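There are 2 protein chains.
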Amino acid sequence: MASKKNLQVGMKSSNVSSHTAVTLEMVAQRAGVSPSTVSRILNGTAVVSALKKQAVDEAIATLGYVPNPVARGLAGGRTFSIGVITQAIDSPFYGASLRGIEDELDPAGYSPLFVSAHWNADMEVRHIDMLRSRRVDGIIVLTGRLDDQALKTYAKSLPFVVTGRALKGPGLFALNFDNFKGGLLATRHLIELGHQHIAFIAGDPEHPDAMERLQGYQAALKEAGLVFDPALVIPGQYHEESGLLAIEALLATGKRFTAIFAANDQMAVGAALGLHRHGLRVPQDVSLIGFDDLPASLYSVPPLSSIHHPAYEIGRQAASAMLQLVSGKKPNLVVSEPVLVARESSRRLPA
Amino acid sequence: MASKKNLQVGMKSSNVSSHTAVTLEMVAQRAGVSPSTVSRILNGTAVVSALKKQAVDEAIATLGYVPNPVARGLAGGRTFSIGVITQAIDSPFYGASLRGIEDELDPAGYSPLFVSAHWNADMEVRHIDMLRSRRVDGIIVLTGRLDDQALKTYAKSLPFVVTGRALKGPGLFALNFDNFKGGLLATRHLIELGHQHIAFIAGDPEHPDAMERLQGYQAALKEAGLVFDPALVIPGQYHEESGLLAIEALLATGKRFTAIFAANDQMAVGAALGLHRHGLRVPQDVSLIGFDDLPASLYSVPPLSSIHHPAYEIGRQAASAMLQLVSGKKPNLVVSEPVLVARESSRRLPA
DNA sequence: TTGTATGCGTTATCAG
DNA sequence: CTGATAACGCATACAA
Chain A
1 MASKKNLQVG MKSSNVSSHT AVTLEMVAQR AGVSPSTVSR ILNGTAVVSA LKKQAVDEAI
61 ATLGYVPNPV ARGLAGGRTF SIGVITQAID SPFYGASLRG IEDELDPAGY SPLFVSAHWN
121 ADMEVRHIDM LRSRRVDGII VLTGRLDDQA LKTYAKSLPF VVTGRALKGP GLFALNFDNF
181 KGGLLATRHL IELGHQHIAF IAGDPEHPDA MERLQGYQAA LKEAGLVFDP ALVIPGQYHE
241 ESGLLAIEAL LATGKRFTAI FAANDQMAVG AALGLHRHGL RVPQDVSLIG FDDLPASLYS
301 VPPLSSIHHP AYEIGRQAAS AMLQLVSGKK PNLVVSEPVL VARESSRRLP A
Chain B
1 MASKKNLQVG MKSSNVSSHT AVTLEMVAQR AGVSPSTVSR ILNGTAVVSA LKKQAVDEAI
61 ATLGYVPNPV ARGLAGGRTF SIGVITQAID SPFYGASLRG IEDELDPAGY SPLFVSAHWN
121 ADMEVRHIDM LRSRRVDGII VLTGRLDDQA LKTYAKSLPF VVTGRALKGP GLFALNFDNF
181 KGGLLATRHL IELGHQHIAF IAGDPEHPDA MERLQGYQAA LKEAGLVFDP ALVIPGQYHE
241 ESGLLAIEAL LATGKRFTAI FAANDQMAVG AALGLHRHGL RVPQDVSLIG FDDLPASLYS
301 VPPLSSIHHP AYEIGRQAAS AMLQLVSGKK PNLVVSEPVL VARESSRRLP A
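First to last, the protein sequences are chains A and B.
Under our numbering, the very last position in the first sequence is 351; numbers go up by exactly one each time.
Under our numbering, the very last position in the second sequence is 351; numbers go up by exactly one each time.
If you are wondering where the hints come from, they were derived from the structure by calculation, not from laboratory data.
Remember, predicted model here, so these are calculated numbers, not experimental data.
For every residue, glycine included, the Cβ atom is placed at its ideal position computed from N, Cα and C.
Among the hints, erroneous ones may be present.
As the list claims (entries may be wrong) - Computed footprint of chain B on chain A, listed as stretches where at least three residues anywhere in the stretch have a Cβ under 8 Å from a Cβ of chain B:
1. 91-102
2. 112-123
3. 208-222
4. 271-278
Stated by the list, open to error - Listed below are the simulated SDA-like cross-link pairs for lysine to any residue, each with C-alpha atoms no more than 25 Å apart in a straight line:
5. B:K222 to B:E241
6. B:K156 to A:A71
7. B:K156 to A:A219
8. A:K53 to A:P35
9. A:K156 to B:V22
Assemble the whole structure, with the sequences as input and the hints as a guide.
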């Protein structure tokens with residue numbers, strides 16, 4: 001009993017708990033049962049008499065016992081830790097997902113182990129091996145670069161949850177977001193505002209989602225009967241610098257454009273600065289819309305119109321799916337749809 | 001032996017490594033030595049004959065042996081994992097520090113265990129307990145809320161590295177940043193530009209660093225012979241919303257001001273939007289400077305002047321210090337000084 | 001239902 | 001210098 005101990009030792013009351021060296025064995029002794037019984041109760045492995053369960057629960061409470069995840073891991077049991085492979089630990093977009101994962105895992109007693117792969121498939125493999133050597137109970141991969149087949153193979157021996165792709169397989173769950181539709185919505189928005197010359201700042205062609213957004217853009221153009229001009233599509237790399245550079249490239253073409261759709265908010269922000277540098281005002285001279293709806297986009301000048309991409313929710317869902325996977329259930333989740341968030345960076349084209 | 005098994009099963013070769021079940025014992029057998037010897041070589045615990053070392057190294061290489069951190073942890077050895085307590089896993093500022101920590105720890109074979117305490121001392125305590133139960137080799141606390149005494153007590157049983165405070169103690173290393181000087185530099189910059197009515201958007205009074213920045217602001221005013229007007233100091237919470245609200249509050253006072261120093265970039269960005277909403281241009285009508293120099297500040301419209309706060313470096317240094325601490329050395333690092341980064345949001349006051 | 005014995009992969013403590 | 005042997009804390013076949 002913590003209070004009793006404090007009394008005995010006469011130690012100065014403090015919120016610093018001395019490291020709990022309370023073992024399962026001690027609990028067993030206190031409760032007058034065998035260690036296995038305690039283990040059974042802890043894991044629900046088998047049915048035990050209500051009486052003993054009582055005693056054990058009490059012992060656990062008074063002793064303040066907390067299982068040692070390390071020992072559990074070694075014994076072949078679970079480590080209660082989930083590996084999470086993100087691309088950059090400081091990404092403004094994935095950051096929200098990480099928070100979602102953390103929020104979902106924590107109450108369940110699981111700890112996330114975050115690692116960054118920097119868009120590098122080899123590093124992803126290295127990290128997966130590392131995570132397995134640490135005996136994580138499962139791995140969540142946020143938009144990885146690993147090919148689907150490799151992922152499927154991995155999933156045979158360890159639960160996997162992946163975002164950003166459509167996949168199915170045993171021990172594998174995928175959460176895909178409709179990037180095509182997002183691209184469609186963004187472009188439609190601009191078109192409905194009267195714009196007919198819409199430039200597109202593309203994401204890295206290596207990213208499937210970037211390509212899907214481009215296709216959405218093209219589809220919207222087509223359904224509106226507008227011509228698709230490849231010269232108005234500027235390549236980018238999903239970061240601010242790309243947006244800035246894209247404006248230069250765009251202006252250099254001499255083509256007319258009254259609106260820009262950037263494949264993500266970071267590039268949109270860069271584009272806004274590029275426009276500003278050339279004395280072009282947003283939205284008076286050029287309408288601008290991004291994609292992802294980063295928290296910061298609400299505070300850009302002017303606030304950026306965007307396509308909401310529920311990163312936090314996706315994180316929670318991925319973690320939730322993982323929790324179900326590790327407990328043998330089959331995840332059953334629907335990912336939310338992209339939705340347009342019209343703010344001040346886009347406006348109707350003056351007649 | 002993995003290769004033999006593969007042969008038997010005739011399994012398709014793939015780049016997905018089947019989980020390395022290569023144990024230290026197998027290495028020992030292959031090398032014709034005892035497990036203890038292998039362990040010694042691995043940890044440099046004792047001197048072994050060059051000959052045996054050769055054999056063991058070879059066995060390790062050919063077998064592709066990789067130590068099991070979990071077993072190491074249980075055996076009382078190190079887990080090669082470092083707990084990192086940040087305040088929000090998706091903070092734009094701390095994100096850079098996390099990356100620094102990751103970059104420094106990874107090559108050393110250590111893994112960070114990131115957890116968020118959300119500026120809550122109780123949660124910090126909970127996380128520390130959790131991390132200890134996971135047998136981390138040390139804990140890095142990024143600007144925690146825990147009181148110094150508690151931290152010192154914890155550090156007696158486990159290496160701690162803390163940022164954002166000045167502390168000393170056994171097994172404890174603190175990396176403090178000179179926020180006062182930063183505040184001084186920012187304000188001086190504005191004064192040198194001819195501004196005499198400088199508002200200050202303060203950070204949360206609960207944060208010591210926020211108070212230090214305020215003091216720097218006051219000191220700069222004083223050394224320039226300018227009067228300190230408390231009405232020009234608006235409270236804030238370090239987030240964008242605060243900046244936005246601060247502008248309203250500032251304007252409501254009716255006081256004159258030609259420049260604003262926000263205690264961090266996030267509030268500066270919010271302030272920029274607030275100014276924009278009132279038709280006030282930055283920097284033509286109001287000069288603005290932030291603090292922290294977030295990566296995104298380079299791309300705000302206009303690019304934000306700020307005080308560079310080397311978050312990434314601090315992360316690396318914290319991790320480096322931890323690495324030294326766990327290996328019994330005494331860290332010897334100097335934290336870099338704040339430096340002014342003048343961009344386009346601040347300009348000379350027209351005569 | 002419950003207890004006993006064994007093993008998980010390493011490190012650490014002993015003897016030699 | 002090196003090799004047995006005992007923990008580390010828990011889960012789990014195997015017995016009872």
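Structure-based check of each hint:
Check on the stretch 91-102 of chain A: 7 of its residues sit with their Cβ under 8 Å from a Cβ of chain B, so the three-residue criterion for coverage holds. Check result for the stretch 112-123 of chain A against chain B: holds, 5 residues qualifying (beta carbon to beta carbon below 8 Å, three or more required). For a cut-off of 8 Å, the count of residues in the stretch 208-222 of chain A with a CB near a CB of chain B stands at 0, and the three-residue condition is violated. Here's how the stretch 271-278 of chain A fares: 3 of its residues keep a CB closer than 8 Å to some CB of chain B, so the rule of at least three is met and the hint holds.
With a CA separation close to 30 Å, the supplied pair K222 (chain B) and E241 (chain B) exceeds the 25 Å bound. For the hint linking K156 (chain B) to A71 (chain A), the alpha-carbon distance of about 24 Å falls within 25 Å, and the restraint holds. About 63 Å separates the Cα atoms of K156 (chain B) and A219 (chain A), which puts this hinted pair outside 25 Å; it is violated. Distance restraint check for K53 (chain A) and P35 (chain A): the Cα-Cα separation of roughly 12 Å lies within the 25 Å cut-off, and the hinted pair is therefore satisfied.
Note on K156 (chain A) and V22 (chain B): the hinted pairing holds, with a Cα-Cα distance of about 19 Å set against a maximum of 25 Å.
When held up to the earlier numbered hints, the structure conflicts with 3, 5 and 7 and fits the remainder.
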